[in-house]
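Undergrad: Residue-level listing of the chains:
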Amino acid sequence: MTWFEQEIFYVDPLAISVGICIAFFAVLTLFYSWGYMPRTRGSLSYYLYILLTLATALGAVFASNLIVLLVCWGLTGVFLYLLIGYGTKERTPATAKKALIIIGGTDAFMMLGIALMGHLSGSLDIQHIRLTLDHPPAVVAFLCLLIGILAKAGAIPLHTWIVDTAEDAPTPVTAFLPASVDKLLGIYLLARMVLDLFVMTPAIYTVLMAIGTVTILWAGMMMLVQQDFKRLLGYCAVSQVGYVLLGIGTGHPLGIAGGLFHMVNHAIYKSCLFFSGGAVEQKSQTTDVERMGGMARQMPVIFVTFLIAALSVSGVPPLNGFASKWMVYQGIIETGREGGVAWILWLVVAMFGSAMTLAGMMKLVHAIFLGQPAADRQDTGDQSEKTPLLMYIPPVLLALLCILFGIWAYALPLKHLIFPIFEQELIFPGIWQPTLATVLILIGIGLGLILFISGRLAKTMRQTDVFIGGETLDAVPGMRVSGGAFYNTVQELPVFRSVFSLAQKGALDPYVMGSRITLGIHRYLGNFHTGILSTYLSWCFLGMMILFFVLLFR
Amino acid sequence: MIYILYLFFFGFLLTAVIGLFGSWIDRKLTARLQYRVGPPLLQPLFDILKLLKKETLVPFGASKATFLAAPMIGLVSVMVVSTVLWVNNVDSQNTFMGDLIVVVYFLLVPSISIIMGGFASGNPLASLGASRELKLILSYELPFILAVLVAVIHADFSLRLGDILATQAKNGVIAVSWSGGLALLITMICMQGKLALVPFDTPEAETEIAHGVLIEYSGPLLAVYRLMKNMLFFALPFFIIIIYLGGLRGHGLHLLYGALEYVGIVALITVIRNTNPRLRIDQVLRFFWGPMTVLAIIAVLLALGNY
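Protein chains in written order, with the working numbering: chain A, 1 to 554; chain B, 555 to 861.
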């Protein structure tokens, strides 16, 4: 389709893969929202915004002209702002404004980058641009576009809107936008830049990997000390984007494929986590980790989907998180083969990040599902409403996808979604295909045995009281270990104490610091607006004199 | 099909037998150090068989499915890890790329199964123990990864266990180099943490939280956990032997050396176990993230410099 002789849409395997994923998550979000959102008068526009977001996101993905991409990108940001507004917390308007300012502000950088690219290459069409990064304007263009991508995907230091959105927006919005669509859009553009638009240099790759590593580490540490579980999931989402950046930053086909695969996997299990969390939130009417507990008995299906997604995030084999992380690690080792020391830092932080993610997820699993129920909920029993069936479908489907994409990683997602993006055949000598498949089948047999033996044991078991050294739990109702204080030990280590307290106060958030500085200057300058006419006239007169001097004596 | 055979014989039977034997060495040596006689050779096996005959008790307030399933998930993962290790030791051509990462990740799963079991018990002491186990994992993972990287660097940047073994067959064991020896030391201390033995057995502190994580487990489930720990008692030293000491080679004098290496590692673990007090969890965190990480970074830098 052309307009004024410009191609509007460009369809290639990368766009198709990302487009399929975006559409898939839109469908799941619609199902889930129908069960989650209350049926008020304003909710019609909520569904309208979700559909419009789908349309503009697909427009951005399939765009051939950079202007079309920019417009659709910006529109997605606007709809994000409108959708966040459906949240019911006190801070929701402030959070929506923050998201719009961060995403909209970085859109300005993208505009600058696109203008530079158009100027340097003479064309605004993706299929015709291929810039080499050897002179400063091209590097500036790349960095401007990178700023826009990092804001949308949510890497340090532009990640703060995701965390607040996770806490304040309604859960389906969080599962749809920050967790899946925005990341898919952002990484789609990054992949386009790395593969087609620019000829990359090792220096730029190192910048990408450094940003990715810092993201993994920083978000991972912040994740451990959160009290609100949606905020914790938000930090987890930010941390996983670091892996994608690390994978794409390796510059090797295996690493880039791993990064793209990780993005798809991340969208799957992050949405699953948010959907399950939303079901729990609806049942328990709170998101504070201190006040939840013991929900596994009331919501067994949600517990299982949450557990599968939590193990996937941590990268436990044989689920899909492990498959993509493995590919990213292989890519990092390939860069290490070429010499240098930095790859060690990337690899160690990446693997340590898995441990941190595992720690955070286990904290959530315990605090929400296992453990003892909170004191004020111990006697309510099961009076809360049943979760609608439509809210069960997305998490169950996504959890199944986690398992499928993990065990049959080669037959399903990699072969059809990821590998077609690369023109050359990705050949891996000795890769894990036949032998690991056998090992995994053996694991499956093992799991079958587990279920069988558990069933036999369950028939002959006897229930007793809990043993806490002679007391009984009923007599000591406050004796429970909630999830809130889990990682106090980490928080109180000497180096981390000051960093965490600074971060909690917002001192390390560019948006908050930026707004404080701006408003401070504003307040200072506001002192000049006294309202007295003679003062204003004096200032005008002074300005006129200065102008005359400058113009006369140039 | 050959792998099912490997799984059953090597992954399960041989690992269990050697693990039980190692556990006996540990208990006998401990007894000797404490001027006692110590148990007979088959005592660890008798313990497990005794537990299998007892009732299964599940506390009120526990999540039954997780409580019952957690021990077996741990056992299956140890079986898979030891299968991969044995396959690499016996026939390193037939393995896959990047299996070192698979082993490192799979070694997390037994700890996860203990943690899930603790959480599912519905007992506050178990939850405390499980949260301590989580912090323990966080602390030793960092120097452990760095130390394992030393072996990767020596093997010419390959993540295949088979390549690490091949490099050692050609150039001699990694442990004799400066970086390798330092890495061996660090990994042994991290292994003490992985096995949750004194001075790092904070999650299962007998005197503080009444055996913490496993407090509600009894009967066949406790037998499975005990078996899992005994198999880990072999699998982890075996992992160290493969990465740093060239694996268990089967011919002639090497077999004796291999046996001596294993017994030596077990003896070292026991001696450390008996001569140290238990650390608090914040001391554990500071220890692993402080001096051990610094040593591990030094080892990696030495390895990069070809020492």
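One should not assume that every hint holds.
As a list, the in silico BS3-like pairs of lysine-lysine whose alpha-carbon atoms are at most 30 Å apart [unchecked claim]: (1) B/Lys618 / B/Lys607; (2) B/Lys608 / A/Lys459; (3) B/Lys783 / B/Lys604; (4) B/Lys582 / B/Lys783; (5) A/Lys386 / A/Lys97; (6) A/Lys283 / B/Lys618; (7) B/Lys582 / A/Lys459; (8) A/Lys386 / A/Lys89; (9) B/Lys618 / A/Lys459; (10) B/Lys582 / B/Lys608; (11) B/Lys582 / B/Lys604; (12) B/Lys607 / B/Lys783; (13) A/Lys459 / B/Lys604; (14) B/Lys783 / B/Lys608; (15) A/Lys386 / B/Lys618; (16) B/Lys582 / B/Lys618; (17) B/Lys618 / B/Lys724; (18) A/Lys505 / A/Lys386; (19) A/Lys283 / A/Lys89; (20) B/Lys604 / B/Lys618; (21) A/Lys459 / B/Lys607.
For the record, the hints were derived by calculation from the structure and aren't laboratory data.
Undergrad: The structure should be examined with respect to each hint, and the outcome stated for every one.
TA: Now for the hints, and whether the structure bears them out:
1. Restraint check for lysine 618 of chain B and lysine 607 of chain B: the C-alpha separation of about 20 Å stays at or below 30 Å, so the hint holds.
2. For the suggested pair lysine 608 of chain B and lysine 459 of chain A, the alpha carbons sit about 14 Å apart, so the restraint of at most 30 Å is met.
3. With a CA separation close to 17 Å, the supplied pair lysine 783 of chain B and lysine 604 of chain B stays within the 30 Å bound.
4. Simply put, lysine 582 of chain B and lysine 783 of chain B have alpha-carbon atoms about 17 Å apart, close enough for the 30 Å limit, and the pair holds.
5. For the suggested pair lysine 386 of chain A and lysine 97 of chain A, the alpha carbons sit about 34 Å apart, so the restraint of at most 30 Å is broken.
6. Straight-line distance between C-alpha atoms of lysine 283 of chain A and lysine 618 of chain B comes to about 21 Å, which keeps the hinted pair within the 30 Å bound.
7. At most 30 Å may separate the alpha-carbon atoms for a hinted pair to count; lysine 582 of chain B and lysine 459 of chain A exceed this at roughly 38 Å.
8. For a cut-off of 30 Å, the pair hint linking lysine 386 of chain A to lysine 89 of chain A stands: about 23 Å separates their Cα positions.
9. Of the pairs offered as hints, the one joining lysine 618 of chain B and lysine 459 of chain A holds, with about 12 Å between alpha carbons and a cut-off of 30 Å not exceeded.
10. Using a Cα cut-off of 30 Å, the hinted pair lysine 582 of chain B and lysine 608 of chain B holds, with the two alpha carbons roughly 26 Å apart.
11. With a C-alpha separation of about 20 Å, the suggested pair lysine 582 of chain B and lysine 604 of chain B falls inside the 30 Å cut-off, and the hint holds.
12. This hinted pair checks out: lysine 607 of chain B and lysine 783 of chain B have alpha carbons roughly 19 Å apart, not beyond 30 Å.
13. Restraint check: the Cα-Cα separation between lysine 459 of chain A and lysine 604 of chain B comes to about 20 Å, which is no more than 30 Å; the hinted pair holds.
14. Straight-line distance between C-alpha atoms of lysine 783 of chain B and lysine 608 of chain B comes to about 19 Å, which keeps the hinted pair within the 30 Å bound.
15. Between lysine 386 of chain A and lysine 618 of chain B, the direct Cα distance comes to roughly 22 Å. Compliance with the 30 Å bound is thereby established for this hinted pair.
16. Taking the CA atoms of lysine 582 of chain B and lysine 618 of chain B, the gap is near 37 Å; set against the 30 Å cutoff, the hint is violated.
17. Under the criterion of a C-alpha separation no larger than 30 Å, the hint pairing lysine 618 of chain B with lysine 724 of chain B is inconsistent with the structure, at around 52 Å.
18. Using a Cα cut-off of 30 Å, the hinted pair lysine 505 of chain A and lysine 386 of chain A is violated, with the two alpha carbons roughly 38 Å apart.
19. About 17 Å separates the Cα atoms of lysine 283 of chain A and lysine 89 of chain A, which keeps this hinted pair within 30 Å; it holds.
20. The suggested pairing of lysine 604 of chain B with lysine 618 of chain B holds, with an alpha-carbon distance near 23 Å, which does not exceed 30 Å.
21. A C-alpha spacing of about 15 Å is found between lysine 459 of chain A and lysine 607 of chain B, which places the hinted pair at or below 30 Å, so the restraint holds.
Against the hints set out earlier in the document, violations occur for numbers 5, 7, 16, 17, 18.
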